[in-house]
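Residue-level listing of the chains:
2 protein chains.
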Amino acid sequence: MPIYDVTGIGNAIVDVLAPCDEQFLTDYKIEKGAMTLIDENRAQELYKAMKNVTEVSGGSCANTMAGLASFGGKGAYIGVVAADQLGDIFDHDMSALGLTYNTSRYLGSKETARCYVFITPDGERSMNTFLGACTELAVEHVDHILISNSAVTHMEGYLFDKDPAKEAYFLAGKIAHEAEREISLALSDSFCVERHRKDFQELVKGSVDILFGNERELQALYETDSVDEAMRIAGQTCKIVVSTRGADGVAIIFNGEEIFVPAPKVDRLVDSTGAGDQLAAGFLYGYTHGMSPEASGLLGVKAAAEVITHIGPRPLMQYKDFLQE
Amino acid sequence: MPIYDVTGIGNAIVDVLAPCDEQFLTDYKIEKGAMTLIDENRAQELYKAMKNVTEVSGGSCANTMAGLASFGGKGAYIGVVAADQLGDIFDHDMSALGLTYNTSRYLGSKETARCYVFITPDGERSMNTFLGACTELAVEHVDHILISNSAVTHMEGYLFDKDPAKEAYFLAGKIAHEAEREISLALSDSFCVERHRKDFQELVKGSVDILFGNERELQALYETDSVDEAMRIAGQTCKIVVSTRGADGVAIIFNGEEIFVPAPKVDRLVDSTGAGDQLAAGFLYGYTHGMSPEASGLLGVKAAAEVITHIGPRPLMQYKDFLQE
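These protein sequence lines are chains B and P, in that order. Just so it is clear: in the first sequence, position 110 is 394 by the working numbering, and no numbers are missing. Just so it is clear: in the second sequence, position 270 is 554 by the working numbering, and no numbers are missing.
Worth flagging that the hints you see were computed from the coordinates, not collected in a lab. Treat each hint with caution, since some may be false.
When chains are identical, the list treats them as one kind, so a pair holds in a single copy or across two.
[To be verified] Calculated lysine-lysine pairs in the DSS-like style (CA-CA distance at most 27 Å, straight line):
# : residue 1 : residue 2
1 : K358      : K332
2 : K358      : K335
3 : K394      : K332
4 : K586      : K335
5 : K604      : K332
6 : K313      : K450
7 : K313      : K458
8 : K549      : K316
Start from the sequences, fold in the hints, and give me the full structure.
Structure below.
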């Protein structure tokens, strides 16, 4: 029996959230809906322009782990922060959720990563990430004990923007499969997939058991306009492919069979940050607790529907309440 | 003509907000509705226990200045943060609002202050403050140029917990009055008033033109069960006394005459943090723009009604929109 349901590997990031209007995105040339990597100068320029700012721990995979913990799941996390106050905040927030988080702090001059999240009135989020200490994640952080004792090791695509992290992912895949555990991957962002298509294809083919992606991400992975085609290709090597469809719900391929789980209606979309992350959280909780793909998908869409009703990428309620419904 | 409408002097604090239930307050012996000063050990103990944490800039007077800026007022702020990341966040948030904030950073070993805010389901907030670098505020920070060029200098009672800050307040009063400007004081907290009653009485009598306090604070100031009696005593030396009455509205004594301004109805109280601060913001904006006490009070209750509908102590809308109504 594995000790952990899920170990996550990801970019350990503090989110810096601010509301803004469409004009602001135009004025500052921010690509709407995308995650763009930025350098320190650009980070300073954008931060200067932000008003009504809130700081919360973020990071795609870390958000998923927060959701898993909220369902009552047992999780661990691997990701690098610096020995600074933002690192303390990130560390606190993981530990407070009951997650095991032991990754050694980076002690050099880079600061803990932050993601500037611009939230437009339509609830869409446009992200600009300064990776800072995150970029230090490498094979030495891949904890053999955690991974070989976790039913699933969940990884986020964003880390593929740095070569040492790519190596870490392939190593994690090797460790997991040698221990007869599974690997799950969230593609994260279609532009990131395009930047590293070949490496993503290799990882998905050789190491990934459960693949998460929205339509654009899956299409980008196989350079096709058809998401069905993309899911079919992924499904040839992955046990499960989970394709998120926004407000519609989620399409799942499991053992070659396609299942569709509709999403609950959301009255008021406030901030879509974390929707995909919490979808993965619900699905992985269900999956690691012996539920069917359909039941797992239902937990996923419920969690995603909750997180978009408020500012911030992590649950504000106990997701374990969904288990009684 | 003064250059600034208001210069604020206060504890420069980053708020660390988390929802909790009533049991949590009992378990951790947190006094409900009060602001309690805590030491570093207690700060660590409480922080460890907090989940779903959000960080935002706070500090009573700084919140008032944020509100003033949101009305379109011109403001400056005096308060001490450390040369750390939380200090950077506080500094950024003041500057982003267009406020002048030039107080030199504290360079010693104390960190920027934080206030752990526990929000119960009834919207009440219970605050535990670790003052850190705040306690360094002293006469050398009292900026003669800012104060003598501001129509009003607004101060928060919380700073009275440290003697060097008391001295700074008396000096600010002297500078303001020599320049024919006015001093405003928010009593902040009835327990703080009780801790320093004599000094508060002396300050109010000798230096304060506009006094803000809720019923308990005003009663504590003069050791009386009657808020009317307390307002009458304060009104003998203060030009204006503003007594907040929660959901009912605000009572104002101006030139010996009492005015009552009812508060707008709020559908859903989410987090009462910042209500008194934004009341003062609205009132001071109106007052420094030549409005009547009644019109100023109306801006105050509108701002207070907005800030309690969401998490966090600062406006999420432009208060200048209230000016068109």
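Here is what the structure says about each hint:
no.: 1; hint: K358 x K332; verdict: between (39 Å within a copy, 19 Å between copies)
no.: 2; hint: K358 x K335; verdict: between (37 Å within a copy, 16 Å between copies)
no.: 3; hint: K394 x K332; verdict: both (20 Å within a copy, 26 Å between copies)
no.: 4; hint: K586 x K335; verdict: between (31 Å within a copy, 21 Å between copies)
no.: 5; hint: K604 x K332; verdict: between (39 Å within a copy, 22 Å between copies)
no.: 6; hint: K313 x K450; verdict: neither (29 Å within a copy, 48 Å between copies)
no.: 7; hint: K313 x K458; verdict: neither (41 Å within a copy, 49 Å between copies)
no.: 8; hint: K549 x K316; verdict: within (24 Å within a copy, 37 Å between copies)
When each numbered hint is compared with the structure, violations occur for hints 6, 7.
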